[in-house]
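J.: Kindly produce the complete structure, drawing on both the sequences and the hints.
Spelled out from the first residue to the last, the chains are:
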Amino acid sequence: MPEADREKPKKARAPADAEGPRPPDWTDGLKRLYDSVVEEPLPDAFKDLLARLDGDEQ
Amino acid sequence: MSDADGAWDASPGEAGFKRELTRVIPHLRAFARGLCGRADMADDLVQEALLKAWAARERFEPGTSMRAWTFVILRNAWLTEMRRNRFRGEYDEGVAERILVQPSQQEDPLHLADLHRALLTLPPERREALLLVGAGGFSYEEAAQICNCAVGTIKSRVGRARATLNRMIEDGSMPPRSASEAAAHRAILEELDEIASGGGKFDA
Numbered sequence: 001m002p003e004a005d006r007e008k009p010k011k012a013r014a015p016a017d018a019e020g021p022r023p024p025d026w027t028d029g030l031k032r033l034y035d036s037v038v039e040e041p042l043p044d045a046f047k048d049l050l051a052r053l054d055g056d057e058q
Numbered sequence: 001m002s003d004a005d006g007a008w009d010a011s012p013g014e015a016g017f018k019r020e021l022t023r024v025i026p027h028l029r030a031f032a033r034g035l036c037g038r039a040d041m042a043d044d045l046v047q048e049a050l051l052k053a054w055a056a057r058e059r060f061e062p063g064t065s066m067r068a069w070t071f072v073i074l075r076n077a078w079l080t081e082m083r084r085n086r087f088r089g090e091y092d093e094g095v096a097e098r099i100l101v102q103p104s105q106q107e108d109p110l111h112l113a114d115l116h117r118a119l120l121t122l123p124p125e126r127r128e129a130l131l132l133v134g135a136g137g138f139s140y141e142e143a144a145q146i147c148n149c150a151v152g153t154i155k156s157r158v159g160r161a162r163a164t165l166n167r168m169i170e171d172g173s174m175p176p177r178s179a180s181e182a183a184a185h186r187a188i189l190e191e192l193d194e195i196a197s198g199g200g201k202f203d204a
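Protein sequences, first through last, are from chains A and S. Be aware that the first sequence starts at 1, since it is given in the working numbering, and climbs by one per residue. Be aware that the second sequence starts at 1, since it is given in the working numbering, and climbs by one per residue.
What the hints contain is simulated information worked out from the structure, not anything from laboratory work.
No farther apart than 30 Å at their CA atoms in a straight line, the calculated lysine-lysine pairs in the DSS-like style are these:
1. S/Lys18 <-> A/Lys31
2. A/Lys31 <-> S/Lys52
3. A/Lys47 <-> S/Lys18
4. A/Lys31 <-> S/Lys155
5. S/Lys52 <-> S/Lys18
6. A/Lys47 <-> S/Lys52
7. S/Lys155 <-> S/Lys52
8. A/Lys31 <-> A/Lys47
T.: Quick look at the structure:
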């Protein structure tokens with residue numbers, strides 16, 4: 001519908017590759033699950049591993 | 001300015017690679033957590049993937065997506081571990097309380113922990129497709145490249161994953177918390193049996 005198109009700013013519409021009329025509520029939860037891990041502080045094990053990468057050159 | 005590229009440091013490419021690699025670690029951890037559920041196992045996978053990425057650093061093309069490149073490596077590590085059935089014996093039935101994220105807003109009708117458990121009951125190839133597209137924000141095309149399959153296959157997997165989760169959430173067929181670890185466990189074991197016996201789905 002052209003009218004509906006005009007009413008909504010492009011940003012508010014579902015991305016072109018989304019299927020179905022509107023993503024269900026839980027899709028946001030999926031993103032938050034992912035982001036919650038992304039935002040966790042990095043465990044020391046990873047810092048240790050990164051530090052070892054340089055030194056381990058044979 | 002560009003004349004200096006590569007001249008000011010003995011290995012600027014390597015330093016840049018490491019910087020980019022460091023930046024994607026949180027994303028690798030998030031993808032791995034979604035794939036295998038257990039935080040400690042997910043981090044083991046990420047560490048393995050990081051070492052492999054470092055060893056293969058000369059094959060990385062600067063300017064391309066480090067996140068996509070390392071996701072391929074992580075995914076391969078995950079598939080290898082599944083084939084070895086490493087996950088089977090170590091699945092921790094009580095792990096959900098420890099690893100699952102508590103929703104910050106209590107008015108949220110759907111707890112993220114429930115969603116995560118539902119996600120873990122999906123067949124692995126649908127789970128990874130949904131994670132890449134629905135959580136990681138990759139396009140279908142990028143996800144198809146990561147999974148080394150056709151774009152249509154990814155679309156179909158994402159569609160099926162969404163449909164299954166929709167059904168579970170809408171009709172309340174998500175297993176209750178007390179039973180859900182067992183259900184997820186059973187589902188995972190069934191998937192592993194299928195993959196271990198056939199494996200064709202994941203040939204890449």
